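Enquirer: Sequence:
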Amino acid sequence: MELDCTAVLADVWLILDGECDAATKERLKAHMDRCSPCIEAYGLEAKLKSLLNRKCGGDRAPDSLRERLTIDIRRSISVTEMRVEEP
0 MELDCTAVLA DVWLILDGEC DAATKERLKA HMDRCSPCIE AYGLEAKLKS
50 LLNRKCGGDR APDSLRERLT IDIRRSISVT EMRVEEP
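Take 0 as the starting number for the sequence shown in numbering that gives the first Met the number 0 and just add one per residue.
No lab work stands behind these hints: they were computed from the structure. Note that the coordinates shown come from a computational prediction; the quantities given were computed from them, not determined experimentally. Don't take every hint at face value.
Straight line, CA to CA, 25 Å or less: simulated BS3-like cross-link-like pairs of lysine-lysine [claimed, not checked]: (1) LYS46 - LYS28; (2) LYS24 - LYS46; (3) LYS28 - LYS48; (4) LYS48 - LYS24.
Please work from the sequences and hints to get the whole structure.
Expert: In structure tokens form, the structure reads like this:
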């Protein structure tokens, strides 16, 4: 299945963060090998990630913020799962 640029660009961070499986990574990279706008966008995102790591890499969010975000994420996932299960 051929990917369009929108799908590839939406998943660029999956590659950068090492959060995609090998098959997904290969599909995304195969598209970028043939699509210069996508590889350019990938390069920009990689540079942004590198800059963020250099400038903010040592900072850690306060525990209270991390806990609050974890709770919010779990709530969001639960609500989404409930919506998916509804007929």
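Enquirer: Now tell me if each hint is right for this structure.
Expert: Going down the list of hints, with the structure as the test:
With a CA separation close to 17 Å, the supplied pair LYS46 and LYS28 stays within the 25 Å bound. Using a Cα cut-off of 25 Å, the hinted pair LYS24 and LYS46 holds, with the two alpha carbons roughly 19 Å apart. For a cut-off of 25 Å, the pair hint linking LYS28 to LYS48 stands: about 18 Å separates their Cα positions. A threshold of 25 Å between alpha carbons decides the hint, and for LYS48 with LYS24 the separation of about 18 Å falls inside it, so the pair holds.
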